[in-house]
Structures are given as structure tokens and as C-alpha cells.
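Engineer: Chains as they are written, first to last, in our numbering: chain A, 1 to 197; chain B, 198 to 311.
Hints listed in this document are in silico derivations from the structure and should not be mistaken for laboratory results. Keep in mind that a hint or two might mislead.
Stated by the list, open to error - Cut-off 20 Å, straight-line C-alpha distance, at most; resulting in silico cross-link-like pairs (DMTMM-like, lysine to aspartate or glutamate): (1) A:Lys178 with B:Asp204; (2) A:Lys178 with A:Asp165; (3) A:Lys95 with A:Glu144; (4) A:Lys178 with A:Glu144; (5) A:Lys178 with B:Asp218.
Unchecked claim - Derived Cβ-Cβ restraints for the label pairs, each shown as a range: (6) A:Arg94 with B:Asp216: 24 to 34 Å; (7) B:Gly303 with A:Glu193: 54 to 64 Å; (8) B:His231 with A:Leu147: 45 to 55 Å; (9) A:Val96 with B:Ala260: 46 to 56 Å.
Positions of the beta carbon are idealized from the N, C-alpha and C atoms, including for glycine.
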Amino acid sequence: MSSCTANLLWMSPPVTASPTAARYRDLDAFLGEVERRAYVMAELATRNPDDALDLVQDAMLAFARRYGDRPQADWAPLFHRILQNRIRDWARRRKVRQRWLGWLGGSEEEGDPVQQAPDPHTPPPEQRLDQTAAAERLQAAVAELPLRQQQAFLLRVWEGLDVADTARAMGCSDGSVKTHLSRALASLRRQLEEYRT
Amino acid sequence: MNEPLQDAVRDALDARARDLDGATLSRLRQARAHAVAQAARPAPWRHPGWLGALGLAGAALLAVLLWPTPGRLPAEASDEEVLLEIATLDVDLELVEEPEFFEWLGEQPLDGSA
Chain A
1 MSSCTANLLW MSPPVTASPT AARYRDLDAF LGEVERRAYV MAELATRNPD DALDLVQDAM
61 LAFARRYGDR PQADWAPLFH RILQNRIRDW ARRRKVRQRW LGWLGGSEEE GDPVQQAPDP
121 HTPPPEQRLD QTAAAERLQA AVAELPLRQQ QAFLLRVWEG LDVADTARAM GCSDGSVKTH
181 LSRALASLRR QLEEYRT
Chain B
198 MNEPLQDAVR DALDARARDL DGATLSRLRQ ARAHAVAQAA RPAPWRHPGW LGALGLAGAA
258 LLAVLLWPTP GRLPAEASDE EVLLEIATLD VDLELVEEPE FFEWLGEQPL DGSA
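Next comes chain A alone, as it looks inside the complex (with noise of 0.2 Å):
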């Protein structure tokens, strides 16, 4: 502990396991446990790792403020929300900036070649090895869902969100969940046969 924090907690009374302490306590633990999936959520979504770290951070910072206070088994549902708003709001102005980049004669992809660039961690194909390509080839079939299929599956499926839940963090209803699942489920089937067999 630093020089200052000791001196503050010296100024303030006797706080020894408050339970405001606690819950700064519980709040860390379970963005902890989820940030990580939340980021890939984000990632793959989004395919772009700068995005998806400020999709998260900022779902992190909503979150803690609007709802801290609430009922700990509210929070993932209502983490997950705020979350899955965020990617549906970024993939909507990217829609709106793709759409003015095609009226201006170009693509967002054409406008930046470090996005085009191979990634120089990437080693060869033929150096990989089969199971970590079949795993990059499950993670680019997820990838590849539309958005509202890819939050179904994710959240049903990786989070495990019943499928309440899973409506109110997609903020749908509990029949949309299950048709956008069972889409996800039968895309994913056709591009990974290969996989299956």
C-alpha cells in the first residue's frame, strides 16, 4: 500500500470490511472474470482489436456506474446488455461509414493498407499446426455470423445466458433469441462439415 493510500485510510474511520468495500471487491471479481470473453465478443465482432478493447471499457464504465448497486446476479444480464448495445451501435456507424466511403469512391478497406497488411505474427500455413488452425477456422466461422446471430450464440452458448437473459441483453424477445440461435447453429453447421466429419 502507498505512502498516500496509508494516510487516507488514516484520516477515515474504522472501515474494516464495510460492505461498500465488499462490494468494490465483488464489482472487480466479476469484471475480471468476464472481461475476457467480453473482449473477444467484441473482437470478433468488431475484427479489430482496437475497437473491441474500447467496446469493452466503455460497457465496463457504464456498467459500474449505472448499475454497481444492483443485485449481483443482475449483473451479468445487465453487463452483457450494455456490451451487446455498444457492438450493435458500432456496427451501425460503420454501416453509415461504409455507406459514405461508397458514395465517395472508395472503401474503408482500400483507405487503409495497415488493415490489408499481413499480420507479421502470423506464421505460414504450412507451419501451423492443425488444431490451432481448426480452432482459427471455429473463431472465423463465429466471426463470420451476422451480428444478431453471433450475440445469440455467444451469449447463449459461450456466456450461457439462459434464454431470458439472453433476450435482455440483446434486448429482443425470448422467440427472436431462439430463431436468431438456431440460424447461427445452421450457418455454423454448413461451414464447419468439414470439421464435423
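Mind docking chain B on chain A? Use the hints.
Structural biologist: The following block gives chain B in isolation, referenced to the frame of chain A:
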């Protein structure tokens, strides 16, 4: 929901989340710490403006009372140091009113490994 395809995708995504690079993990940790600090900030609707003004007035009065003057006992120097340290601390002043936040902060490892 236990068909092999879903298990395989789940495993692939788990591996991706597990193997995130250090720079990404560091930024996620920073984002988390910032979010928890924001949760400690009192919401405006729970923290009327006059309370803040009263707190500032109290702090000013305390500062005047404890201001260094010739002939003070050396034992009082520690209070002045504390006030000086608070005054130069790079934190949101609203958080100084939230001792529980500093209690949580004090429990965090100094090497940022949380």
C-alpha cells in the same frame, strides 16, 4: 446444447480468451480499475451540491488551522504532511470522500497483477 460442434467452438473461444496477449490484458486491467473507481464516485443525485460545498469549506478551515506557523510543535508536522500529500495527490477529490474505495485500492497488489 452439448453437440460436438458447439463444444468445439466453445473450446476454441475459451482458448482465444485464455491466450490473450499481455498488452491486451494490461489494458483490460486498466479499464477494470477505472470502472471500479467510477463506481466509487458518488452519483450526483445521491450527493447534493451543498454537501460538496460544505466539505470544501471544512477542508479549507482545516487547512487554515493546520497551516505551518513558527514555533509549532514538531509532532504536528505529520498532519501537515498528510494534508500536503492529499493536496498534491493525483486523484479525483470526490473519491477522497469515499474511504471504502481506498480500502479496496489498498488491497490491490502493487505490481498490477490483479
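Engineer: Now tell me, hint by hint, if it's right for this structure.
Structural biologist: Right, here's what the structure says about each hint:
Restraint check: the Cα-Cα separation between Lys178 of chain A and Asp204 of chain B comes to about 19 Å, which is no more than 20 Å; the hinted pair holds. Simply put, Lys178 of chain A and Asp165 of chain A have alpha-carbon atoms about 12 Å apart, close enough for the 20 Å limit, and the pair holds. At most 20 Å may separate the alpha-carbon atoms for a hinted pair to count; Lys95 of chain A and Glu144 of chain A meet this at roughly 16 Å. Restraint check for Lys178 of chain A and Glu144 of chain A: satisfied, since their Cα atoms lie roughly 19 Å apart, inside the 20 Å limit.
Simply put, Lys178 of chain A and Asp218 of chain B have alpha-carbon atoms about 34 Å apart, too far for the 20 Å limit, and the pair is violated. Distance hint check: the CB atoms of Arg94 of chain A and Asp216 of chain B are about 27 Å apart, consistent with the given range 24 to 34 Å. Taking the beta carbon of each, Gly303 of chain B and Glu193 of chain A are about 55 Å apart, inside 54 to 64 Å as hinted. The hinted range of 45 to 55 Å is not satisfied by His231 of chain B and Leu147 of chain A, whose Cβ atoms lie roughly 27 Å apart.
Range check, Val96 of chain A to Ala260 of chain B: about 52 Å between beta-carbon atoms, so the 46 to 56 Å window is met.
Consistency note: the structure conflicts with the earlier hints numbered 5, 8.
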